[in-house]
Amino acid sequence: MMLQKSETLRAYSLLSPTLIIMAIGILVPFGILIVMSFWTQVGFGFDMTPTVANYEMATERPIYGALLKRSLWMSGMATVTTVLLCYPMAYFVAFHVHRNKMLWIVLMTLPFWTSYLLRVFAWKVVLGYDGVINSALMNIGLIEKPLEFLLYSQAAVIITLAHAWAAFAILPMYVSLEKIDRSLLEAATDLGDGPVMRFLRITLPLSLPGVMSATLLIFIPTTGDYITPALLGGPDGVMIGNLIQKQFGAVNNWPMGATLAIILMLSIAMITLVFLFATNFVRKRIS
Amino acid sequence: MTQDNAFISFRNVNKFFGKYQAIDDVSLDISHGEFFSLLGSSGCGKTTLLRMLAGFEAVSSGEIYIDGQPMSGVPPHHRPVNMVFQNYAIFPHLNVRDNIAYGLRKQKLSRAKRNDMVDDMLELIKLPEYGDHKATQLSGGQRQRIALARALILKPKVLLLDEPLGALDKQLREQMQLELRALQKTVGITFVFVTHDQEEALTLSDRIAVMSEGRYLQVDTPTGLYENPVSREVASFIGTMNFFDGTVTSIKDGNAVIKVDGLGEVSAPVGTMPLMAGNTVTVAIRPEKFLLTDDKPDGLQYSVKGQLNNAAYLGERSHYYVSIEGVSQPTAVSTQNRGRTKEIEAQNRPVWLSWDSAAIVVLKDV
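Protein chains in written order, with my numbering: chain D, 1 to 287; chain G, 1 to 366.
Note that these hints are calculated values from the structure, not bench results.
Check before you lean on any hint, since a few could be wrong.
Said to hold, decoys possible - A partial selection of chain G residues facing chain D, derived with a Cβ cut-off under 8 Å: (1) Pro76; (2) His77; (3) Met83; (4) Phe85; (5) His93; (6) Tyr102; (7) Gly103; (8) Lys106.
To be verified - Derived DEER-like restraints, expressed as beta-carbon distance ranges: (9) Val97(D) - Ser139(G): 29 to 37 Å; (10) Asn100(D) - Asp25(G): 31 to 39 Å; (11) Phe17(G) - Asn280(D): 39 to 47 Å; (12) Ala112(G) - Phe275(D): 33 to 41 Å.
Note that the structure is predicted; figures quoted are calculated from it, not measured.
The C-beta atom is built at its ideal place from N, Cα and C for all residues, glycine as well.
Please construct the entire structure, taking both the sequences and the accompanying hints into account.
Below, the structure is given as structure tokens:
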């Protein structure tokens, strides 16, 4: 008994630095956010009488709902794009690279080594009115005037997000592919599966945990992103993150910003839960 | 060696991994319904040979035939063979039932028919209650049985087994050996079995190929390998063997008179071995073929006096090491402990070793 108790104690003392940081860095601001969302902005100060007026306004005014929906849609698209593009890369390194695997992984995550802002600006250069793509296409004579939909559009935001978050998709998918026992693949072949069926019945289900973590790792942070849409989105590409940022900035309505942040968080949490349940259900149905 | 009833044939098969030659011109025939073992230490090429049969490795040259069909260019999933892997390769995301039914997908059976087949298999491997268990919750022995069932349900022409008992503890392994042998008799499928455990190979096999450095040294029945090994290497790989150096003094009617260092002159059958007077040979005698006595016995052809060095009591038998003048290595002797055996008496005492010419194996290599 004594031993068990001291073991538990030790576990908590080892955890304590993390717990303290979590408490200070996450729970406290979260608490402040919740409390603030029930306040009202009065000039440069707050009316601290609790009210649900902010939540009422958020549900009544169509702009908030529309932006939220668009944010979820855009980051969903970015997530799907990233996962679909990165899965083959992770698969390639896991199964077909036999030497210097680490080098390949490092190279694939190279974009992640530069600052986020820099990456966004780089895409601005690539996609811009007289950017790399447009001037290239004009030089070879495929188009006569620059394509305008490239920059300042939802597509630009989705492309940039997909590129910027690639590392987060490759790494978990690589890990789950890498640890698949090769003899399982041989066994599937031995039992009559060609390459396609073997992939669908063994490789894909066994790498699903990696795909799921990649999906969540990208979807959750990109939904609330405001830098990329601000710089590349144009009017069509504005996301809920931009609105929240404005509430804390130019609009100067902190309680409303807090309310929107919490609504965004709840939406993400709900979608995540539905996603987890759905994949669990599908996985059970497959096996 | 060619047989008309060969079911699996290796014809001049070579395999190179880069410059390393893993298989060196192997030609081998295995008959239908045979339990055939490839026996050898690690790196001898036995697993490579099995994997070429399964199609996971291509032959560098030569051809493998299964049931008369050449296998070159036939991918693993189109070959009439199934394999039990060394680590069993049970699919962790499927339950026992789905693991066993895995290969049935192609046969487009009705659900009821498929369930019946899986039930039969679960019955056969004596795990009828385990269909809904998760594959990850099983013991080594159970996983091994499921790997067997998963392969056997497809009724392959040949079942390949890659050291399937290696991961089990001794008691379970011995039990599984008996079950495997009984199962092979029941299903009547040709088994090709890879192992490095000579006792296991002797217990299970109809015939065994003893392999070394990419080729086989001898292919024979367990009795043939044990009683009539063709070389020192085979003789020492299967069981324990005492070797003595000798020189042929004369040959007559397939019998050679050999002057053996330390043992004196003996006569032994040599069959059609190309020997001449003056050739040096190895005379090999198994430990249990000796009679160990305190006094010189009557009735046996040959006796020699020695000194008992060392003894070990192992329950059903005892091992003795006897040094004989003129023989460098101590001679191993094994006796059955029939009746009530007394404590082994003081060592370092004079004893007599006796044998007759039937106990002698003459090997050409020295």
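For each hint, the structure was consulted:
{"no.": "1", "hint": "Pro76", "in the structure": "holds (5 Å)"}
{"no.": "2", "hint": "His77", "in the structure": "holds (5 Å)"}
{"no.": "3", "hint": "Met83", "in the structure": "holds (5 Å)"}
{"no.": "4", "hint": "Phe85", "in the structure": "holds (5 Å)"}
{"no.": "5", "hint": "His93", "in the structure": "holds (5 Å)"}
{"no.": "6", "hint": "Tyr102", "in the structure": "holds (5 Å)"}
{"no.": "7", "hint": "Gly103", "in the structure": "holds (3 Å)"}
{"no.": "8", "hint": "Lys106", "in the structure": "holds (5 Å)"}
{"no.": "9", "hint": "Val97(D) - Ser139(G): 29 to 37 Å", "in the structure": "holds (36 Å)"}
{"no.": "10", "hint": "Asn100(D) - Asp25(G): 31 to 39 Å", "in the structure": "holds (36 Å)"}
{"no.": "11", "hint": "Phe17(G) - Asn280(D): 39 to 47 Å", "in the structure": "holds (43 Å)"}
{"no.": "12", "hint": "Ala112(G) - Phe275(D): 33 to 41 Å", "in the structure": "holds (35 Å)"}
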